[in-house]
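Position one of the sequence shown corresponds to residue 1 (the numbering used here), numbered consecutively onward.
Possibly wrong hints are sitting among the right ones.
[As the list claims (entries may be wrong)] For lysine-lysine, the following PhoX-like pairs were computed, each having C-alpha atoms within a straight-line distance of at most 20 Å:
no.: 1; residue 1: K131; residue 2: K62
no.: 2; residue 1: K194; residue 2: K174
no.: 3; residue 1: K121; residue 2: K3
no.: 4; residue 1: K58; residue 2: K121
no.: 5; residue 1: K24; residue 2: K124
no.: 6; residue 1: K84; residue 2: K121
no.: 7; residue 1: K58; residue 2: K24
no.: 8; residue 1: K188; residue 2: K165
no.: 9; residue 1: K84; residue 2: K62
no.: 10; residue 1: K58; residue 2: K8
no.: 11; residue 1: K26; residue 2: K58
no.: 12; residue 1: K58; residue 2: K194
no.: 13; residue 1: K121; residue 2: K131
no.: 14; residue 1: K81; residue 2: K8
no.: 15; residue 1: K188; residue 2: K24
no.: 16; residue 1: K194; residue 2: K165
no.: 17; residue 1: K124; residue 2: K62
no.: 18; residue 1: K131; residue 2: K174
no.: 19; residue 1: K124; residue 2: K174
no.: 20; residue 1: K165; residue 2: K149
no.: 21; residue 1: K188; residue 2: K26
no.: 22; residue 1: K131; residue 2: K194
Rather than coming from a laboratory, the hints here were simulated on the basis of the structure. Every value quoted in this text rests on a predicted model; they were computed, and no experiment measured them.
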Amino acid sequence: MIKTYFNKQAEVWDEMFTETDLNKLKEVSDFMYDIAPGSTVLDVGTGTGRFVPFILDKIGNKGRLICIDLAEEMLNKCKAKSFKGTIDYICADISCSNLPGSAFNAVICYSSFPHFQDKEKALKEIHRILKDNGTLFICHSSGREFINKIHSEIPEVHNDLLPTKTEINTMLHKAGFREIIIIDNEEKYMVKGKKS
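Whenever a hint applies, use it, and build me the whole structure from the sequences.
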């Protein structure tokens, strides 16, 4: 059902739903200060690729970006933008991605985490595919209450909610993450965890 919803929305997504405030996107990017040039990064729930230029800017021309999304039409819109860089596109569910273990310096979930249908399973999979000392980022350029209110009003995603600070902290610890940072306020929701 979630895949069908996003495939249907792909054509209008950029005009209707993506973050357009570049200052907010830059703030999200700045939170990922420890992604080094040359890194191999997985972007989970890439959608139409609104955040892709910010990731490419961080990893530089020696880095590699893998974009994964459940909805092929979203990925098609992203591919059509012809971003410059070493980019691969995978249509799959992160919970059962079959990606190699210990492969990524960082995994980014920008504006996608609420839509993970099994969040705990997804976090365990992300932990598995991260390199030692690799970092997970879960980020939204709006606050949790705002995001959850919007989702609750859309029948197809009304259960796709951002967890509270306590809930996400518990989930991350359970999946094996450490050095956890959580910012949950009216303006943004940003989470960071390390694979130790």
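| query | Okay, which hints does this one fail, numbers in order? | reply | Structure breaks hints 4, 5, 6, 10, 17.
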